[in-house]
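> Listed below are the residues making up each chain.
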Amino acid sequence: MHVPVEGFMYPNEIELQWSVLIVLYPFITGLVAGAFILASLERVFRVEAVKPTYRLALLTALAFLIVAPMPLQLHLGRPERSFEMYLTPHRTSAMAMFGFVYLWYLLGVLVVEIWLEYRRDIVALAQSSTGPKQWLYKVLTLGSYNVSERAMQIDDKVGWIITIIGIPSAFLLHGYVGFIFGSVKANPWWSTPLMPVVFLFSAMVSGIAVVMLLYMLTCRLRRTPIDMRCVDTIAMYLFYTFLIDFTLEMVDLIHRIYESDESFRSLDFMVHTKLYFSQIVLQILVGTVTPLALLAITQLVRLPELTRKRIYSFAGVLTMIGIFAMRWNVVIGGQLFSKSFLGYTTYKMGFVTREGLLPAIALSILPFIILWVLVKILPPWHEETALGQAAHGD
Amino acid sequence: MSMTRRHFLLLTAVAAAAWDSIIAGTPEAASSYNASNHWYGMLINIEECIGCGSCVRACQLENNVPDGFYRTWVERYHIEDWQVESPTVDSPDGGKNGFPELKETGGKNFFVPKLCNHCADSPCTQVCPVGATFHTPDGVVLVDSKYCLGCRYCIQACPYGCRFLNPTTNTAEKCSLCYHRITKGLTTACCENCPTGARQLVDFKNPKDPIHEFLKTHSVQVLKPYMATKAKVDYYGLDGSVR
Amino acid sequence: MKDLKDGGHLLRLAAVFVVVFVAFLIARAALVPKGFGKYGHYRPEALAEAMDKPLHYAGHEACADCHSDIVEVKSTGKHKGVNCESCHGPQEKHVEDPASVVPAKLEATSLCPRCHTANAAKPKNFPQVVPEDHSGGVACDTCHKPHSPVIEADTAEVKK
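Chains as they are written, first to last, in this note's numbering: chain A, 1 to 394; chain B, 395 to 637; chain C, 638 to 797.
Only chain A is shown next, with the shape it has when bound in the complex (with noise of 0.2 Å):
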């Protein structure tokens, strides 16, 4: 497959190494560490207003967590020798610790935390509901019916302590991806030791957004009123989060533009030329200032409901777009320029191939599958459940 070089290239680089399966990876990662760190403020930092995504954010982080190591997988020229990252895992690689903390993030925070929260839930489906559902609620009981007061409360209590911890474990799942990149000295325009904090604070964004849109969709979905006072408070905190993660990239391209090492003039260029759609286009006005201005109108102005549903939810579209296109510059722009900055490649991304198109979008739907299975078999809404009414915190 040919190729477009422009100027001079080393040989090797030709042919980018990491594809579109890359971007996603840490998008979707991105949106698992930002689903818990919205679904934390209600269970420890107390902000009440968000209660009602607090089960759905948790689904919605399990959900993406679930897919994250797929584009991974497909990626890996030997993905039957994954595993190996479990039993040799070398200590100065930042990309070695993944397994780990993958595994660490699923079983020992968020399972255990949705388990906690779900449980009085699970214990009463097992009970009343038949067939092949039963056999599931019961297997997930672990064996207790033990829903007493005492029990409920020691949940309660473990699950806090479940989410304290969840905060640096989210921080150190989307961090070590940020770092990954920004650890790579060859790269200067990964280099920097502001990478792991921009990969965090744009995955809280990007978490918060799709968790904001997942309960005004859910909420028409089943036509129910969505909760303006969550809404406003979720968009708050989007608002603030993003001026700090748009402030953070700013710092890092006016220090580039002012500093102006060796690496400069070709980076900028290709900045101005092959990242000048997805940069300055998509992920800085459509998908940074726009969603901004449109928040920051939310938080100055007093507008009516439909006014502010109807922002939040382009906001939010836009917001999602942005971020995404933000891993995509970080990734596909780190490799299109060359390493002696005397040319540029092209990324040529196949359609129906093992790293192409086509498995890009599959992946990004298949979070939304999953989440919608598992909201049948762990209704987020109190109203559906059995015992909506007596449900804990109401």
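Among these hints, one or two may not hold up.
Unchecked claim - Have a look at the derived ranges for each label pair, beta carbon to beta carbon: (1) A/L357 x B/A514: 40 to 50 Å; (2) B/P460 x C/V787: 38 to 48 Å; (3) B/K540 x A/Q299: 56 to 66 Å; (4) B/K497 x C/V787: 31 to 41 Å.
Claimed, not checked - If the Cβ cut is set under 10 Å, some of the chain C residues that face chain A in the computed set are: (5) G645; (6) L647; (7) A652; (8) V653; (9) F654; (10) F661; (11) L668; (12) G674; (13) H678; (14) Y679; (15) R680.
Simulated from the structure, these hints should not be mistaken for lab results.
Note that beta-carbon positions come from the ideal geometry of N, C-alpha and C, so glycine has one too.
Use these hints to put chains B and C onto chain A, whose structure you have.
Relative to chain A, chains B and C alone:
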């Protein structure tokens, strides 16, 4: 490449031992090789390189390198009007079949062969998540293609662009300094086939190595010294424009 | 201690984790390559495997065993630094079985220009010509002996 009679006889003795091990065929037969007595690198003399591409062809034949990928390659630099900061560089098919004549006349022109620098403090081995790329006790950076996952992190981490993913094995690959040759007392395929002696294997630990004298009396540099990878491929005559 | 009764489900959860962890340790013990870490963070067999790859180039010392006369001629001429396989190609198979594996006859017109075609980037003192102008299509080895390429009459002329 000049050789004293004594050196020639020494090499013959080593070649005889190497011959035995070739006949024997198993690594155990070559166990007389003690890795801790060696510390390998390479010397590349820019003033001698004629850009014939013999090294690139030889490496491909010796190591089964797939087309379109390069364990070693040659770049040609053209510097117009002393513009050291903006050279024009080309490397048609890695220089494998030589170089067509330049369209621009004048200026400063020269060839730069490149390969893995077998860095003593390599970022590639640092980032490998499983230990599929490593340093041998004699200073060669190798890839264990039976263990490599093909995650390509090492390829990203190499500042010199010397690594690639082999499309047949789907594992990372790069120059192995012809480890299967040098541990038998032979030199690398590229050095063996370089007609001008522009490429020379160096054993920094061997006091009888003829290159030591050159290194002591000439100024040598490594590529991208600011990367601090402790690169072990020394260049003589390296122009400031070389990237 | 009445907490223990109400916290029983947590013990069950902990038990599940312990079982999974132990299963992981057992799998790990079985699957980690033997001797991994002996010399460093890699499979020790990888060293032997790297040493064991097949040779294609025999190396010039091998040629001298049988072709010492040619080596002698070459060692006094301008090509003394050009190793045999540089022109003749990989000859390990020939060294292993000299009678059956015979190196192909080389064709000078396609071989010599690989190094000696003039190019602005070549060192100035390196002998280079534009083949067409230099020989007018005549094969290079008509006048130049590859193992000792300098034409003696010319050298004598120059010395005068």
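> Quick check on the hint: C/V653 CB to chain A CB, less than 10 Å?
holds (7 Å)
> Tell me if C/L647 is really an interface residue toward chain A, meaning its C-beta lies closer than 10 Å to one of theirs.
holds (7 Å)
> For the hint on C/R680, does the least C-beta distance to chain A fall short of 10 Å?
Holds. Min distance 9 Å.
> So, as I understand it, the hint says C/F654 touches chain A; can you test that by seeing if any CB pair is closer than 10 Å?
Holds: closest Cβ of chain A sits about 7 Å from C/F654, inside 10 Å.
> Verify the CB-CB distance for A/L357 and B/A514 against the hinted window 40 to 50 Å.
holds (42 Å)
> Classify the hint on C/H678 as holds or violated, based on whether any CB of chain A lies nearer than 10 Å to its CB.
holds (6 Å)
> Was the hint right that C/A652 lines chain A, CB cutoff 10 Å?
Since chain A brings a Cβ to about 8 Å from C/A652, closer than 10 Å, the hint holds.
> Hint validation: C/G674 versus chain A, beta carbon distance must be below 10 Å. Holds or violated?
It holds, given that the least Cβ distance between C/G674 and chain A is near 8 Å, below 10 Å.
> Mind checking the CB of C/Y679 against every CB in chain A and telling me if the closest is under 10 Å?
holds (9 Å)
> The hint names C/G645 as touching chain A; please verify it with the least Cβ-Cβ distance against 10 Å.
Holds: closest Cβ of chain A sits about 6 Å from C/G645, inside 10 Å.
> Quick one, is the C/L668 hint okay against chain A at 10 Å, beta carbons?
At about 5 Å, which falls below the 10 Å cut-off, the nearest Cβ of chain A leaves the hint on C/L668 intact, so it holds.
> Does C/F661 pass the interface check with chain A, least Cβ-Cβ distance below 10 Å?
At 7 Å from the nearest chain A Cβ, C/F661 passes the 10 Å test, so the hint holds.
When held up to the earlier numbered hints, the structure conflicts with none and fits them all.
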